[in-house]
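Trainee: The primary structure of each chain is shown beneath.
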Amino acid sequence: MKLTTTLMASTALVVAAGSAFADGHAKMADSMTVVSWGGAYQKSQQNAYTIPYKEMHDGLEVVWDESSAEAVAKLRAMDEAGSVTWDVVDVVAADALRLCDEGLAIEIDPEKDLAAAPDGTSAEEDFGELLVGDCFIPQIVYSTTFGYRTDMVAEGVDPPSQICDVFDLEKYPGKRSLEKRPINNVEWALLCDGVAKEDVYDVLATEEGQQQALDKLATIKDDVIWWSAGADTPQLLADGEVFMGSTYNGRLFAAIEEQKQPIGMMWDAQVFDLDGWIIPANLPEDRLHRAMDFVKFATDTQRLADQAKYISYGPARASSAPLVGQHAELGIDMAPHMPTDPNNAANTFLYNYEFWADYRDDIDAKFQAWLAQ
Amino acid sequence: MSDATQTGPVLAADGSPLKRSLARTLRRQKLRALLLISPLLVFVLVTFIVPIVSMLFRSVENQIVAHTLPQTVEALQDWNPDAGEPPSEAVFEALYFDMFKAAEAKRHTQVGNRLNYEQPGLSSMFRGTGRDLDDIGEEFEDVFVGIDPAFKTSEFWFELLSGEGGESFLDDRRALYAAMLGESMRGDVGFLPSAEMVSLLPATSAAYTDFAIWTAIEKEDVVAEERPWEAVYAGLGVDLRSPEVVAEIGSYSGPGADILKAAVASRDQLPQASFQEMFAESDEDWLDVEGWRTMSLYSPDYTTGYFLNSVDLQKTIDGVEARPETQQIYIKLFIRTLYMSLIITGACILLGYPVAWILANLPLRTANVLMILVLLPFWTSLLVRTSAWKVLLQQQGVINEILVWLGFVADDGRLVLMNNATGTIIAMTHILLPFMILPLYSVMKTIPPSYLRAAKSLGATNWTAFWRVYFPQSVPGIGAGSILVFILAIGYYITPEIVGGTDGVFISNRIAYHISSSLNWGLAAALGTILLLVVLALYWLYDQIVGIDNVKLGG
Amino acid sequence: MSDLTITVPRPPLPGFTLPLTAVLGAIFGFVAGNVYGQPWIGALGGAAVGVVIAYLAHAMSHKRTATRWGIIAVLALAGLLAGGLGAALSGVIIGAVMSWFAYWLDSGDYRKNVPIYYSAGQTLWYNSFLFICGLVFFFLIAPLLPVMWLSFNAEDFFTFTPEMLNFQAEGYSLKHYRNFLGTEEWMTPLKNSLIIAPFATFISVSLGTLAAIGLSQSHVPGRQAIMAVLISPMIVPLIISATGMFFFYAPLGNWLEANLGLSQNFVGYVKVILAHAALGVPFVIITVTATLVGFDRSLTRAAANMGADPITTFFRVQMPLILPGVISGGLFAFITSFDEVVVVLFVGSAQQQTLPWQMFTGLREQISPTILAAATILVTVSILLLATVELLRRRSERLRGLSPG
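Protein chains in written order, with our numbering: chain A, 2 to 374; chain B, 3 to 557; chain C, 38 to 442.
Calculated directly from the structure, the hints in this document are not laboratory data. Where is the CB? At the ideal position from N, CA and C, for every residue including glycine. Incorrect hints may appear among the rest.
Sample of chain A residues lacking proximity to chain C, with all beta carbon distances greater than 10 Å (derived) [unchecked claim]:
no.	residue
1	Lys55
2	Phe168
3	Gly265
Which bits of chain C does chain B cover? Going by a derived footprint, with three or more residues having C-beta under 8 Å, they are [what the hints assert, rightly or not]:
no.	segment
4	82-96
5	164-171
6	178-191
7	252-263
8	366-380
9	410-423
Pairwise CB distance ranges, derived in the manner of DEER restraints [unchecked claim]:
no.	chain 1	residue 1	chain 2	residue 2	range
10	C	Trp137	B	Ile345	33 to 43 Å
11	A	Glu130	B	Thr318	33 to 43 Å
12	B	Trp542	A	Gly175	26 to 36 Å
13	C	Ala265	B	Ala369	42 to 52 Å
14	B	Pro365	C	Tyr209	38 to 48 Å
15	B	Ala539	C	Ile130	44 to 54 Å
Build the full structure now, drawing on both the sequences and the hints.
Mentor: Here is the structure:
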């Protein structure tokens, strides 16, 4: 994993975007547009971040825009058109990297721009290797993992517990749902085709490796329903339309614990990914100050821990983990439902941002051609 | 007067010749028609046509490479891509200064992304090396500062390089910036390059002038007070590598001459590695010939590359070639889109014709009630209707459940009705059916029923009467409905995305992907242009056969 | 000919009603028997039931309603005994269909709508044709039924739960309606849609009608090209239009804000309204030009002759005649805006979130039957609207002394 090297390099290069107003007396805009994904995730952010933030700042108006799925395209269009109307944008780390590459997001200095942990640990150390890219402010760790219908496991067969059970149609017949893109799927395919975990991306960088992954996926292709929206797999599982399917762990938590569906979690080889904030480039001074101030507040140790009360995504700070409490409505302990919980994280897989930034378009073209065959 | 009219030209009431009067009336009529049309025409031209055309124009635009790496592109002209060798040191040298400048403006990654569409790996190569550029310059800087601490100060550099006669040089550098950033970069730089230094230390002057423009215009700082970029030190290092420069410095006597001479004396301490080696150390793929071929192929300002990509071809150094089979997808998608849109149009005609007939021939009272049934789905959101079809068609869905319950389908042999082409066709036929029924209905409404009766009383059989008398009169309705349904179908992407699975998706789905995910807008624009041309060709064909005036939509 | 009445002879029982009803019964029986794995026995039984029903219909021809209810009750009871509630419901449906069929045949109603000279084959064709049309109408409406049903789901999925299928109260809930009607999250988008769609429709209809009148004049230079330009918003794939239009509307918005001092929110609405107006234009152009093709130009000349100025002519003579075309064009334009999600996603900002946009994020982020509740409410409202319009039309017809058409 290149996370550490990325981190080292990025800190070396960091531009002190926040230094200009380190005195804290700069004028801040009294309205702020926050972009997020909508749904339960956005609600958790409102509860944990913006409601307390608004209490601290009288007269602040917060507008939510549920456009994170189109954030990259829209930000690029806004930038070209010369009017960026967003102040803080919630994106996945891969998108943040792309936005940073395109010069559409400002670079962040974790030391200056982010709050230190209560015990004085610097933000840089606290976030650790999750600070991928130069513009990305991590918020949560989520994972893409599998859920399965507990009532569709055949008599006398153990429920699936290994990633390769996804590819075992004999033991676990039934449809699977996988995301309609190569990312994650090709890694799983290679893992189950005898490639060692640490070699996966080296293999994937070659034509043969890509073909190997697609060939492995081809063994279950007829039994796969491809999803494109995060809400799809929980719906397919609830319908009994698929036996098992990949999705974000928070969606599965909601289906299992809140909706009481007969679904089980399979944490093996869950792929960790990050979601967090970026601040668009070229904001006017007062809005930039507001955005920086909000982000500093919203990513402090307590706020990140608070978010976990509403949704089962792991806080991105090491110092937040001990503060994770109970679900705000269900009253159950959230820690065991976090992807980062030691029991769940026995075998995890780290998403390689650099690799996918390079190979995404190429492998996606091959993947789509393969799908269309 | 009466006599005159007998012999002269025919006059209008106002006494002017009738011919002229008629021409004037015609002109006035034309003018009035245009006046009536113009508000809408202007509205559509400005709010729609201009933005769309400029969007589609992106399919050939490719200035980003030449604008961001201008000196590299120029130096690359001399490189022979067929020789199998990476380019010369001159190219790497130019690349270093181009990239340093671009990296300050955060543009180097954009070039990386652009080239990465053509060859994977280039994106991280540019991003990674972008971070090492400072280090390369610092190696020079450390040595220079070691030779004389004055090299550390901003004043030294400013005095050394500023002077007189460098206006045109400054303007040239400014123009390069303006091209890269798309901004005018006008304004007072507070630094004028000395013409003498420009010819004596060309690389240093270029790097420092770039630094000065960037510092003054973008950062709004005072040039003379800022430490120069690391690239300026590298520039001096490059200049001192040339024996002529070394010789000329010997006879130089302007500001900083002593320090320069000291530097010349100790130039053995300077890093000796070539820029090629330094780039290779940052990322060995810089020595890869393929990457350079891609750069040289995509260095012109305009490219056919996007269009070639969108028909499964690719540009190579030997000309245009087919893409590897594992990557061919667009032709297939275009054909599928056309083919499925045709099937959907056909299905809509088959289902819509009888319904339109019955609506047109029933008493108005009943017809209006039935019309509500046609309009109802129309009032229901497209998203809702698509989701409803999902509920109906999936394997655990309503249709399969009923069939299983009735015993017609075994529980383990449920029909696959969605996530394939069938699903897309069923759902889209349903969604587009009203667009067929309404125009058909309005045309059929105008066909007098007596024609059919007359035909029959003249001895025609039912079939003949329908086929020879009724049907031809309803053709404009079919035409209008078909063109509407077909055009709407061809551009759909939400419904295929939800129910189409893998073999029921359309070309628009890929266009949407390239717009919103991969950001490959050039390719999206090329695909969109092709789609648009196909539709326009069909529209023209339709206009030739049916005539667009005959299109009717309800009413 | 006032006293001339032609009576259709009542069809014979054994040669017509009996066998046809038996065939229908056999089909139903085949399907019902198939549930138990015995299709042929079912068909036989069904045929027997058909025979009985045909006989009853023939014998009790004057007590139609009572007999039909009796048949329905008997079949429902039989279903209940054989297979529970679901089968009882099937029994009701089968009983209703078969008894109606038997009476329809026996009373000769099947020839009611065909000319007297039609042969048996033609009558059969006519009735089959009606049946086919019925199926198409069913196809149009059927997908809306599960939408309405599922909108009462107690769970947050688009899934028929066992409780729902067994009609148990705990499977149903109004929470999605409460969620739709009671939260800002849905009411604001609804409000936005109801602001944006009418304005957009107004712009496309007013400009579009004028242009269509211009286009219908006899000498218009470059008519084909103009037409192609005006129809283009319908042709360009939406996703391309969306991004392309963004580049026009964003600077326009900036300009309006900076130079006219308009609020960002207001400018946001203007942008979406203009974008949707452009999308609605082709529909108005197509419908109105089509209506104008059949327009008798001598009427406007007559009006002008009698001293009406062009504006009076337009509003008093031309407009009433082309109004149906204008209305249906407006309807298409309204729907285009009311159901549009791709363009608003790009051109709009959060304050202009429309109903389809909210539905779109809803479907993507968190599937919730709230969107089904929203759809059900919209469908109900539109049924009421359309029905009101139809009733008003009939009333005005009556008032004008026209016979109901």
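Trainee: Each hint needs a verdict: does it hold in this structure or not?
Mentor: Against the structure, the hints:
| no. | hint | result |
| --- | --- | --- |
| 1 | Lys55 | 16 Å, holds |
| 2 | Phe168 | 27 Å, holds |
| 3 | Gly265 | 17 Å, holds |
| 4 | 82-96 | violated (count 0) |
| 5 | 164-171 | holds (count 4) |
| 6 | 178-191 | holds (count 7) |
| 7 | 252-263 | holds (count 8) |
| 8 | 366-380 | holds (count 7) |
| 9 | 410-423 | holds (count 7) |
| 10 | C/Trp137 x B/Ile345: 33 to 43 Å | 36 Å, holds |
| 11 | A/Glu130 x B/Thr318: 33 to 43 Å | 40 Å, holds |
| 12 | B/Trp542 x A/Gly175: 26 to 36 Å | 51 Å, violated |
| 13 | C/Ala265 x B/Ala369: 42 to 52 Å | 34 Å, violated |
| 14 | B/Pro365 x C/Tyr209: 38 to 48 Å | 40 Å, holds |
| 15 | B/Ala539 x C/Ile130: 44 to 54 Å | 50 Å, holds |
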